[in-house]
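The chain contents come next:
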Amino acid sequence: MAERPDRNWSLWLGVAITLAILLPAALSLVWTPYPPAAIDIKARLQGWSPAHPLGTDPFGRDVLSMLMAGTRNSFGIALGAVALSVGIGVPLGALAAARGGWLDDLLMRGSDLLFAFPAVLTAIMLAAALGPSMGVAILAIGLFNLPVLARVTRSAAVRIWPRAFVQAARLSGKSRTRITLEHVLPNIMDQLLVQVTLQLALAILTEAGLGYLGLSVPPPAPTLGRMLADAQSFLAVSPRLAILPGLAIALAVLGLNLLGDGLRDRLDPRLSRQP
Amino acid sequence: MTGLLEVEHLTIRSPGDPPLVREVSFRIAHGERLGIVGPSGSGKSLTALAIAGLLPDGLTVEGSVRLDGREILDLPEAELARLRGRRIAMVFQEPLTALDPARRIGRQVAEPLAIHGLGTPLERMARAEALLRAVGLPPERASPDSFPHELSGGQRQRVLIAAALAAGPDLLLADEPTTALDLVTQRQILDLMDELVAGRGLALLLVSHDEGVIARMCRHVLVMEAGRIIRSGPAAAPSTGGAVLPPQPRERPEPPALLAASGVSRRYRLPGGAIRQAVDRVDLAVAPGEAVGLVGGSGSGKSTLVRLLTGLERPDAGLVRLDGRDPAEPAVPRHPVQLVFQDPFDSLDPRWRVGRILAEPLHGLRLAPAVRHRRVLAALAEVGLPAEAVRRHPHTFSGGQRQRIAIARALVAHPRLVVLDEPLSALDRPLQEQVLELLAALRARHGLAYLLVSHDLDIVRRLCSRVLVMAEGRIVEEGPVGQVLLRPASAAARALLAARLAPPAPPVAPPKAGDYEP
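So the sequence lines, in the order shown, correspond to chains A and B. Sequential numbering from 1 applies to the first sequence in my numbering. Sequential numbering from 1 applies to the second sequence in my numbering.
This is chain A alone, in the form it adopts within the complex:
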């Protein structure tokens, strides 16, 4: 019989692409070819050259440095947002599953309500109230992702609770909190990990959208979204300026999605071969 094709290439391709994007971004923490915000009007809108491998923008800023720092900012915001939504969403979902009843209903309807607000709308409201900043972007995207994680956690956890080993733990006199920490969460960790990876990709996309609208980190700090927005007026003169950050966003999202898919294949026993 024909063997199912090995689908792990998606995991490794995802790892490779993600690293290819992340490593330069991480490098920008300590080193970039030029300070990303350094304006050099004499060198404006240059093409490829040894001095500026990816050219310069209308202010003469080095595009490579901006891409590195911009990716770092985007990833940082996305990570912060996902951390926020995991930190709140997973406990809430686990609580809803452990308690059930009216608390479950209340939490899940609350997350429905939150889910009904698009991240962009939340960000506009928050930015209007607090002014655009990294914190506002993290909060807006995090609030947007939170209900998804709460719901994934809850639905995975309610499938663990009726299982016999959980009942055995209850017979040992363990509290619901303790059972959640010791039995439920470890058994749904695979699903959560996959979800976190996919949410990270979504968060990067949302951050790019917010940056494009000027609702993410304020200038002069570069973000991929704002680089795209700034490139718009020069699209005819220098399409490179739009293509490069666009490519960075697309690759980051693609890499993380492949990674998430690959992880799911690897971790889900129904899809993968038995160890």
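Calculated directly from the structure, the hints in this document are not laboratory data. Heads up, the beta-carbon is just placed ideally off N, CA and C, and yes, glycines get one too. There could be a bad hint or two in this list.
A few chain B residues that face chain A, going by a derived Cβ cut-off under 8 angstroms, partial list only [stated by the list, open to error]:
1. Y268
2. G364
3. H414
Calculated Cβ distances over 10 angstroms to all of chain B for the following chain A residues [stated by the list, open to error]:
4. A38
5. L54
6. L64
7. L106
8. L171
9. G173
10. L192
We have chain A already, so just place chain B on it with the hints.
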């Protein structure tokens, strides 16, 4: 005439290992029935999976499987998918996992029709309803709009059978279709399959570890062992193990009850708004050191009663007293009672090592780590497992070993009462025997009280002196095991006795003998 299905020299191996199935050949003609019987690991399920093209990855197949003379073993997946459901249909062992929990049963029954593009959506739903009616699930008993979790195990198996028959296949592969069911339900499902298969002229390949099941359904049987067919011929009545009534002394003058329940009731609200009285005013008492059996068909309320007695759930009305205290109170240490669950694949956390699993019931006792470790090792030794088991994960053990681990976990906290919830029904016969002996020995050694929940009267007879019969949430009969077995007073007890499959009913299948090449 060529048969419907011809299997020749079928050999299945995982590369590098000795074959799991070797040189298996047989044929099945249209409308004919064939049973394959063998212990677990004999390759009988793999054979059925290979015919359906559903072998797990990493296994290689040699030989030939022909359907109507056409080789199907090396068909590409897309072509195989066209055969499945349409020509070959399958019914699996686990009615719980074989159904999609998130889809209504009517849709699931209609799915094979949709996959093969038969009929309009409306026609498909009408057909699904007719099929559900044919398998004994008319809308007034189980609406096509219900979800699998609203049905009992037997009803789920009926849904699976309806789905298997939906697209009008010629060959039905049934892999342990009744193993997960209690005996009464098993009997009903077998009768149903018999009627449907005969009525539609289906060919049937029935795989089971239970010769009684095969003998009920098929005239011819292949006996497999270690991947080979070791015998083929007419299906025989199973040899019934010489079960002797064990001595049941321990008569004490009215000892105070260890476990007592009075007027215990529990209701559930069904999705439709109807109310189901799962447990209805049950009184019972278990004395220290006593072994009591609790029997009843599926849906009789046994499982709910167990949850109430162990404090996993609270009764709506009535009192449960375990050692004089309410087991559902959070402050009450639970270790006086422990449970051994039915499914050893579900009762051990797959992420934990055995050592940690076994120590879990000790967690409230504040023992020193060394003492705790000694208790764990002692419990492992009691159930006959080596000390090195503590470092391994549950998945490295077989079903029988896992059930031993589950028993060790129940013993480690030195309980006075162990509730055994169908502890043997997930195991095959030889393992059942071993675990049964272990349970009897442990009880004698520690003076444990057992409450044994089972549908199998033979097992109850081997272990218990007194038996309670439950039906529709009530205790309908109570008495010494021998008396209930010989002179059952209630309809429920008679039904359980009648369902024991021995003596097997004469095979119903009329078709002529096929030729079997061993």
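Status of the hints after comparison with the structure:
no. : hint : in the structure
1   : Y268 : violated (14 angstroms)
2   : G364 : holds (5 angstroms)
3   : H414 : violated (13 angstroms)
4   : A38  : holds (52 angstroms)
5   : L54  : holds (45 angstroms)
6   : L64  : holds (45 angstroms)
7   : L106 : holds (20 angstroms)
8   : L171 : violated (5 angstroms)
9   : G173 : violated (4 angstroms)
10  : L192 : holds (14 angstroms)
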